[in-house]
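Undergrad: Sequence:
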Amino acid sequence: MKKMLRTLFSVSLLLSVTLSSHAAVILQYHHVSDSTPASTSISPKQFEVHLQYLKDNNFKVVPLSELIEGIKKQQPLPDKSVAITFDDAYRDVLTQAKPILDKFAFPYTIYVNPGIINRNVKNDASHYLSWIQLKALSDEGVIIANHGYEHDSMARITGGLTQAQWLSKQTELLLKAEAIIKENTGQSWRYYAYPYGEYDVAVQAWAKANDFVAFSQQSGAIDLSTDLTSVPRFPASKPYDKISGLRDKLNSLAFNISLKGEQAETTFKHNEAKSITFDIESGDFYKSALNCYISGLGKQKITWHDDKSFSINFSKDLPVGRVRANCTAASISKPGRYYWYSKPWFILKEDGSWYHL
1 MKKMLRTLFS VSLLLSVTLS SHAAVILQYH HVSDSTPAST SISPKQFEVH LQYLKDNNFK
61 VVPLSELIEG IKKQQPLPDK SVAITFDDAY RDVLTQAKPI LDKFAFPYTI YVNPGIINRN
121 VKNDASHYLS WIQLKALSDE GVIIANHGYE HDSMARITGG LTQAQWLSKQ TELLLKAEAI
181 IKENTGQSWR YYAYPYGEYD VAVQAWAKAN DFVAFSQQSG AIDLSTDLTS VPRFPASKPY
241 DKISGLRDKL NSLAFNISLK GEQAETTFKH NEAKSITFDI ESGDFYKSAL NCYISGLGKQ
301 KITWHDDKSF SINFSKDLPV GRVRANCTAA SISKPGRYYW YSKPWFILKE DGSWYHL
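Following the working numbering, the numbering of the sequence shown begins with 1 at its first residue and continues without gaps.
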């Protein structure tokens, strides 16, 4: 009996490790064009290189819904699965990206701003897709999702409102956008991509209260433990469009790191945040192999408190603007693959005013 119990325990443990190590990646694009702003663009030629790499290396490109619904139901995600997403519903997604995607028969998702689309409905020179075009894409199986009624940051409270008043207003706009998307495309996934990737802890709670899955713009893989109020996506446009860099991201594993209390906050004034402490669940890496980099600061010194907790005392003040910490560590059980976690900060000027978008 004891031997049988030990065997069952071993099988259960192995199954748990195997399932938890299965990871998926969501790629984020905007423009697919040679003539749009470089910071939000990838050339059609390089976009095809990306898709060819996915095909040649046996990645499973799946609809975004397959990954998210799998997490919701706690069903194992196919390892090395990838979802492709586009923010803002630019017309070049139809004219430039779609023919390439169709060539590979890859599914994809487009996040839209209904207010912007409605304002451009009679503008033949609009850079945005129309509802007629989006409906045709929807009928072909493209997922159409919510990017907010307008493209307003979710971290910047405006109009002299309290946070509660502002979130109430944002609820109206979010639900209005979802209703318009459903009316024009027949879809209502309640998937929401934070404009500019900006959010805070209160906004995460707001997204959950409104029954939306929210997507961010910090890097990282996803698995069954992923927080559905800040689902990471890897930006894949310039300057991150080279295959040499994309390769490691596509093969990354979800780093199960959590933050408690103020450590989870994202918005600080310049000079306020001095350190951060991470709690970590995975033990499938060597401590010495963990590296953390902060944009504008470079590689940071890591201080371990025990096997499940480490801190970073920032080498300098976090710079004003959108800042990321990226922590990676090579997997022991899956040679050649890396755990990857990213923490975003939105650092205000010293007087509390926001940086320019």
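Accuracy of the hints is not assured; some may be wrong.
No more than 30 Å apart at the CA atoms, straight line, and that leaves these computed lysine-lysine pairs for DSSO-like [to be verified]:
no., residue 1, residue 2
1, 45, 135
2, 238, 249
3, 242, 274
4, 122, 72
5, 334, 269
Now the in silico label distances, taken between C-beta atoms and shown as ranges [stated by the list, open to error]:
no., residue 1, residue 2, range
6, 162, 262, 15 to 23 Å
7, 127, 303, 30 to 38 Å
8, 141, 350, 21 to 29 Å
9, 102, 172, 49 to 57 Å
10, 162, 69, 31 to 39 Å
11, 332, 242, 26 to 34 Å
12, 45, 357, 49 to 57 Å
Hints were generated in silico from the structure; no laboratory data involved. Quick caveat, the model's predicted, so the values are computed rather than measured. Beta carbons are placed, not taken as given, at the ideal position from N, Cα and C, and that holds for glycine.
Undergrad: Checking each numbered hint in turn, tell me which of them this model violates, lowest number first.
TA: Failing hints, ascending: 3, 4, 5, 7, 8, 9, 12.
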